[in-house]
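Asker: Model the placement of chain C on the given structure of chain X, informed by the hints.
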Amino acid sequence: MNLSSLIDTPSELTNPANNNTAIVLMTRVRLARNLAGYPFPGWAKAAQRDEILARSRAAVTGTRQLANGLAIAIGELSELERLILVERHLISRELSGAKGGAGVVISRDQSFSVMLNEEDHLRIQVLRAGFNLKKAWAAIDGLDSTLEEHLDYAFSRKLGYLTACPTNLGTAMRASAMMHLPALVISNQMEKIVRAVNQLGMVVRGLFGEGSDASGSIFQISNQTTLGEAEEEIINRLGNVLRSIVEHELNARAKLLEADAEKLHDKIGRAYGILQNGHLLSSSEALNLLSLLRLGIDLGAFPDQNRVVIDRLLIETQPGHLQYAQKGEFEPGQRDVLRAARLRAEFARFGRPDFKLAPGENN
Amino acid sequence: MFPAGTPLNHSMANPLKCDLCSKPATVHLTQIVNNKVHKVDLCEACAQAKGVTDPSGFSLADLLLKASLNPDGTGAAGLRCERCGFTQAEFKKQGRFGCPACYDSFLGLVEPMLENMHSGVAHTGKVPTRALERKSLYDRLTKLELDLTEAIKSERYEDAARARDEINQVKQTFNPDSAR
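Heads up: the sequence lines are chains X and C, in that order.
Sequential numbering from 1 applies to the first sequence in this note's numbering.
Sequential numbering from 1001 applies to the second sequence in this note's numbering.
Just chain X, with the same shape it has in the complex (with noise of 0.2 angstroms):
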């Protein structure tokens, strides 16, 4: 299998099997394992790092789960191509970035990808469309022992899985989940939402991880510590702090609907009729409105079942797709004018919202 039918093959993430993605678009549970005996992949030399790259590589591409997926070192792919795997959040920025004796397997539906040598030597990650945080649980469980009996981990009785930075000792486990939240950040209550949150011991983060903005109102909440609970623990907790941020933006959407209706179906027409009509529209906008027609799907404005091409879109509308379908590399102010392209194309089919068709109903 390679890149580019990997790319054109439906995934999970753009082509979401189930349709409970309305809020949680997805979670996502990720493992770091080292191997026993060998430096991490920061202090490793190019030799080891090698030797360490072939026998993970072999032990991953034996399994069950990664047989038929894409196994490929970073050095081989080009910067567009590494950029695709990024936005499709199956490499970390990190990764992309490496140099030699780095590389990732790729599961065909791209639930299961192990990325070797980031940071760690194995960061094995299970990504399911919408609310799943038990059956990515489940899903990452089996493949990490299956693992097991073919690599000796790096694994200490106090302290957990041993790993390159102390802050994942432990179960080495990030769970995450990445939610829609239009009518927090329109109301205006996100911070404080993630004050609450960064009590209870979670992160509240950007679309694309550390550092990145809010743009879209999607952002990832997953745990912050890792030693000194259960994985289950660690997914029950989150899993409690996940249900009660949804109950927070559906109560906000209400709010919103209840105080101005109008304001808020304003906002939507109005982000449809840029998405149809407009020439020039930059990536982080186009999140913002897409967010906005999403926010309109939940509401009942528009057909449930465009959920799905909104959710794609907000991956293909990133600069690395973008590019990739128009087979060539472009500036970003090039780009902005190939974005609005595409996006007139699309809504030209989508139809006209209607908000009398479930006044305030939402899910």
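Hints are computed from structural coordinates only; laboratory data are not their basis.
A few of these clues could be false.
What the hints assert, rightly or not - Covered, in the sense of this in silico footprint (three residues per stretch, anywhere, with C-beta under 8 angstroms from a C-beta of chain C), are these stretches of chain X:
(1) 37-43
(2) 152-163
(3) 308-322
As the list claims (entries may be wrong) - 25 angstroms max Cα-Cα, derived SDA-like pairs, lysine to any residue:
(4) 1092/C to 48/X
(5) 45/X to 1080/C
(6) 1017/C to 1045/C
(7) 158/X to 1113/C
C-beta atoms are modelled at their ideal positions from N, C-alpha and C, and glycine is treated no differently.
Answerer: Just chain C, lined up with the frame of chain X:
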């Protein structure tokens, strides 16, 4: 940030230094995570650089990690991992370790950090059972082989025979997955 009446353990004559660069600190942060109070003092430049003013992009854990690496305490400075040669100075620079054995070499440095960083100091989660089984078998084998050599050297042939039998037994247990 400090409620009135909170005793401050520094006086105006001796202003707090920035935890990152030791310039005078003007930004004092208190955050409660998992019922633990975390305090950080920063100068304006570091506060800006670390994005402290932006609540969404700011991780106190990372800051605390860096802050706790300040070599206030002497003695521990200049530690070095026997296994991989990684030094304490290197850790201070990168915030990451060199190899798994560094956690033994730098345990005294790591342990106090964990309390601030995590919700506990001991692992209670998943255990790689198979890998640990293999390790304990391997350790047993190494010890038995040592016993065997010793026994032969001191002409204790009965002990040697026993060690050899046990070695064969352990090797057989190994076999099912030594095909890898």
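Asker: Of the hints stated earlier, which fail here?
Answerer: 3
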